[in-house]
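**Student:** Protein chains in written order, with the numbering used here: chain U, -8 to 449; chain X, 17 to 209; chain E, 20 to 265.
Where hints are given, some of them may not hold.
Distance windows between CB atoms, simulated [as the list claims (entries may be wrong)]:
1. E39(X) to P285(U): 21 to 31 Å
2. S179(E) to T394(U): 36 to 46 Å
3. Y29(E) to D24(U): 43 to 53 Å
It is worth saying that the hints were derived from the structure and are not from the lab.
For glycine and all other residues, C-beta sits at the position ideal for the given N, C-alpha and C.
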Amino acid sequence: MMTHARNAAVFNQDEARTGWHDASLWHVRSKRDAAAAEVPEWEYLREFASDIKDHTLSKLDVYLEAFEKAALANGAMVHWAADAAEHNELVLSILQRHGASRMVKSKSMLTEECQLNTFLEKHGVEVIDTDLGERIIQMLDEPPSHIVLPAIHLKKEEIGALFHRELRTEEGASDPTYLTEAARHHLRDKFHAAQVALTGVNFGVVETGEVVVCTNEGNADMGVHLKPVQIHCMGIEKLIPRRSDLAVFLRLLARSATGQPVTVFTSHHRQPKAGGEMHIILVDNGRSRQLGRPDFRSSLKCIRCGACMNTCPIYRRSGGHSYETTIPGPIGSILTPGVDLKRFGNLAFASTLCGSCTAVCPVKINIDDQLYRWRQMAGAAGLPEAGDRLWSGILGKGMASPTLFRYLGRLGRFLLRLLPGGGRNIPLTVWTRDRDLPAAPAESFRDWYARQPKANGE
Amino acid sequence: MESKHRILSQIRAGLPPPWPLPEVPVFRLENPDKPGEMARILERGATQVARAATISDVNAVIDCYYPQRGKTLSTFPDSSDSALPSPGSPSDCEGTDLAVLEAVLGVAENGAIWISERELQGLRILPFITQHLVLVVREKTIVGTMHEAYAKLGRPEAGFGVFIGGPSKTADIEQSLVIGAQAARSLLVIIIP
Amino acid sequence: MHIGLFVPCYMDQFYPQAAKATWMLLNRLGCRVTFPQGQTCCGQPLANAGNEEAARASYNHYIKTFEGFDFIVTPSGSCAYHVRHHYDLLDKTETVTAVREKTLDLSEFLLDVLKISELPARYPHRVGLHQSCHGLRGLHLGCPSESLQKTPSRLHLLLSMVEGLTLVDLQRRDECCGFGGTFAIKEPDISVRMGRDRIKDHLDAGAEVITSGDMSCLMHLEGLINRRGIPLRVMHIAEILNAGSP
Chain U
-8 MMTHARNAAV FNQDEARTGW HDASLWHVRS KRDAAAAEVP EWEYLREFAS DIKDHTLSKL
52 DVYLEAFEKA ALANGAMVHW AADAAEHNEL VLSILQRHGA SRMVKSKSML TEECQLNTFL
112 EKHGVEVIDT DLGERIIQML DEPPSHIVLP AIHLKKEEIG ALFHRELRTE EGASDPTYLT
172 EAARHHLRDK FHAAQVALTG VNFGVVETGE VVVCTNEGNA DMGVHLKPVQ IHCMGIEKLI
232 PRRSDLAVFL RLLARSATGQ PVTVFTSHHR QPKAGGEMHI ILVDNGRSRQ LGRPDFRSSL
292 KCIRCGACMN TCPIYRRSGG HSYETTIPGP IGSILTPGVD LKRFGNLAFA STLCGSCTAV
352 CPVKINIDDQ LYRWRQMAGA AGLPEAGDRL WSGILGKGMA SPTLFRYLGR LGRFLLRLLP
412 GGGRNIPLTV WTRDRDLPAA PAESFRDWYA RQPKANGE
Chain X
17 MESKHRILSQ IRAGLPPPWP LPEVPVFRLE NPDKPGEMAR ILERGATQVA RAATISDVNA
77 VIDCYYPQRG KTLSTFPDSS DSALPSPGSP SDCEGTDLAV LEAVLGVAEN GAIWISEREL
137 QGLRILPFIT QHLVLVVREK TIVGTMHEAY AKLGRPEAGF GVFIGGPSKT ADIEQSLVIG
197 AQAARSLLVI IIP
Chain E
20 MHIGLFVPCY MDQFYPQAAK ATWMLLNRLG CRVTFPQGQT CCGQPLANAG NEEAARASYN
80 HYIKTFEGFD FIVTPSGSCA YHVRHHYDLL DKTETVTAVR EKTLDLSEFL LDVLKISELP
140 ARYPHRVGLH QSCHGLRGLH LGCPSESLQK TPSRLHLLLS MVEGLTLVDL QRRDECCGFG
200 GTFAIKEPDI SVRMGRDRIK DHLDAGAEVI TSGDMSCLMH LEGLINRRGI PLRVMHIAEI
260 LNAGSP
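Just chain U, same shape as in the assembly (with noise of 0.2 Å):
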């Protein structure tokens, strides 16, 4: 059984707490459908945010130096890391420079991706994620579930359960509001004993060499603010070419991802503070080879959004840790395969291909298009996931021979009319653990047809 399978089973044991998750996430992309339906020009929005990314992805390398040329005429710092392991030195050597062994950071997926938290701390950092999601997650050593909403999949009681051991709020506290305030002095106490602030960013702008950062929280705003020195890490494939750009993906990212009209705080770093550092990371990590897969390369028009995850009916019932990505549903199952096909590749089948992702999608990525495409590289590739390669072959003949096609039907529906109430629900198959199978009638419409009195010269 492929892997999302096995996580998925074991998920939908608890059929109450499914239904909670699916309600949970599906009450989300109501909400995203309101806030659209505020936007007469909400189609056009994503066809020009589609077109802006596709154009940058065509430029992508003249777009990155005169970011870069950009950002160090600011005063800015800029590195470049080919992967992960380059990032996280990267990050490391900042931190050494400046003698820091405590970093706050606000959420990024990238980090995530190269596991930054845990080659600091192994180094002697302490690494505080300070959004209220990723902090409860920290404090479980569980990676997020969602990568707008990370702590989706977690119950209030099992929070106040965490921050009784943690925080030490009061035992069976479960209020939201009360859990919430208690994590503000916590996270207030780690933003002034911080040395160094990490956010990751959002748009990074060509024309001004600027970073965009959204949060709700303003989380990333008081730990860069606070200290000298600030470290922005980006994925190669954020960069817009115009300010003006940002209008579209603003009003884009947020009423797709929550239902909001904008988030909180929109905050666009250009330079560094009076007597302070700012440092752009720009990482690649695997995203220019996507770049060079025609077939799968918009994936990286992606604004990271979620809405793809909370629309999709089998992200909803599974959960994010299913998939055991970093980033999980569909656009997690269209980009991670590229990093490696044989341990990703099922996740190309962990979907009805019902495009409701692709449907939602602001930058209008085909999810359901690559996921198709992804399939066929798996079958290509022999994975078990995409069955037999031998039987297929075989199968692939027969059905397309007229005779062998209807003598397998004729078969087929004999075999199972002797079969003790037609087969319907021995537990033979997979199928049949749950569903009837459907009753064999005694005829089959194509024997049906050659009985009928032909008009028409046929």
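Given chain U's structure and the hints, the job is docking chains X and E onto it.
**Tutor:** Chains X and E alone, transformed into the frame defined by chain U:
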């Protein structure tokens, strides 16, 4: 340097075919009442909105909403509250109960209000570290959409700027909305002519 | 106008009445329809399983079987979608392009080609419409709930022509049923859960019958309905459009 060249040459090896950069029109808001629309969106997002006829009325409005306020920092020259300290020690701002700041512009479609390092007099931390925040917006600076906002802002001159669209919030615990996460617990927007 | 009727394999074998209804409906509307006996499969099952190369023989056979018809009509949104969108493996010869473009789902043919505005159909029941994904989002047969573009729904329009039929209001009007071909076997837990959730939606809305343009979805839902003895039936839309008429 070596990584930079490696990355760039790998990109060039797989570069997609050319794709034109679209000209994006400056979309405008259908609703002609921009301050009204901005107030409606802000109030929906747990921001309080008030109007003041003059700058001096601003203080009266603040007294009304925050009668028990503690240490207050303000960018208004004739206010009775403290002027902003120098940006040298941002952590000294801890303990600020209320910050009263004049904004540059507001956006009606989403309630986003722009303030930059210049208006903050270098104190980037201030709108975040304060327990409560007041942003004063001049009515004629309220534009309809983000497209108009960026057109109006033009080339950035300050080293930092931020759109603020409400009090800090989170729904990370079971999707329950909590107002007052890491930054300001409340936001009051005062619209003046 | 000579129509070629393409019937998906499982419909031919297990739901011949829905194929018969399609045949009768087209004839009743004055079409000259032939069911080429040599037809097999559109190749979707193999291709969706990641073996499109193995499906090539089926693709070629489909083209050969149906070349020469003015239109190929199939009571299956997913088969029509597969032929129109996933046959790129074949060289785009004139014949291949023509056959692909002329392969239509039944509802597309009725409304876009025949342009019918009424039907002598009568079906006085409470019906839940399951909008199959390939038809809805793939062929744009209707207006997906994700989209802000308002496109008319062909299936709604057709059902509105049926006398006495009441369409029920669902909580989630276009969530996937969970069949997904091999997905039903590869991820059975989620597949079953999705199907059960759809059934509950229809049941809560007071439906007596669930209808769809795709028998595969209905086969999956029916399997779940029958296992638990739920008071619902499934019917292909062709059967409803052909119902109660003289």
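**Student:** State for each hint whether it applies.
**Tutor:** Results for each hint:
{"no.": "1", "hint": "E39(X) to P285(U): 21 to 31 Å", "verdict": "holds (27 Å)"}
{"no.": "2", "hint": "S179(E) to T394(U): 36 to 46 Å", "verdict": "holds (43 Å)"}
{"no.": "3", "hint": "Y29(E) to D24(U): 43 to 53 Å", "verdict": "violated (34 Å)"}
In summary, the one numbered hint that this structure violates is 3.
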